[in-house]
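Chemist: Sequence:
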Amino acid sequence: MQTGNQVGFVRIAAGEVRVMDDVFGVEFRCLEGRIWLTQYGDDRDVVLEGGRGFVPASAAVVVVSSSRGALLSLSRPVERLRTDPRPWWRRALSVFDPRGGGAMTRALQGRQPASSAAFGPLSES
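The numbering of the sequence shown is my numbering, which starts it at 1 and goes up by one.
Rather than coming from a laboratory, the hints here were simulated on the basis of the structure. From the three backbone atoms N, C-alpha and C, an ideal C-beta is built for every residue, glycine too. Check the hints yourself; a few may be wrong.
Have a look at the derived ranges for each label pair, beta carbon to beta carbon [to be verified]:
| no. | residue 1 | residue 2 | range |
| --- | --- | --- | --- |
| 1 | 89 | 52 | 30 to 38 Å |
| 2 | 92 | 15 | 38 to 46 Å |
| 3 | 42 | 87 | 19 to 27 Å |
| 4 | 45 | 9 | 17 to 25 Å |
| 5 | 93 | 52 | 24 to 32 Å |
| 6 | 68 | 92 | 22 to 30 Å |
| 7 | 9 | 44 | 21 to 29 Å |
Work the whole structure out from these sequences, hints included.
Modeler: As structure tokens, this is what we get:
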């Protein structure tokens with residue numbers, strides 16, 4: 001059984017905006033620069049810099065942007081459902097959560113560069 005984390009790196013250019021889905025349980029950590037995270041359905045925005053991290057509370061779409069460029073690390077436990085502290089019935093109900101992003105993701109497609117999964121093709125370019 002594998003117990004480590006999957007880790008990827010994403011470089012966000014100055015002024016770039018990315019729409020990311022399938023990020024439940026993913027930790028966003030800013031390694032360089034500053035990033036701005038907006039989670040669909042959540043009225044709070046999160047600004048990260050200097051090694052700070054954030055884990056979205058739901059399976060919603062997350063919009064990531066940077067005004068001056070940043071290097072972002074994404075890590076997710078290999079067995080993410082077992083690390084989810086919510087009871088099984090809450091996890092099951094989250095499938096019906098309108099913040100899950102299906103319609104929102106479709107509405108945003110083509111408008112901004114998108115990462116369809118947090119661990120798709122990642123590079124430190």
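Chemist: Of the hints stated earlier, which fail here?
Modeler: Per hint list: single violation, 6.
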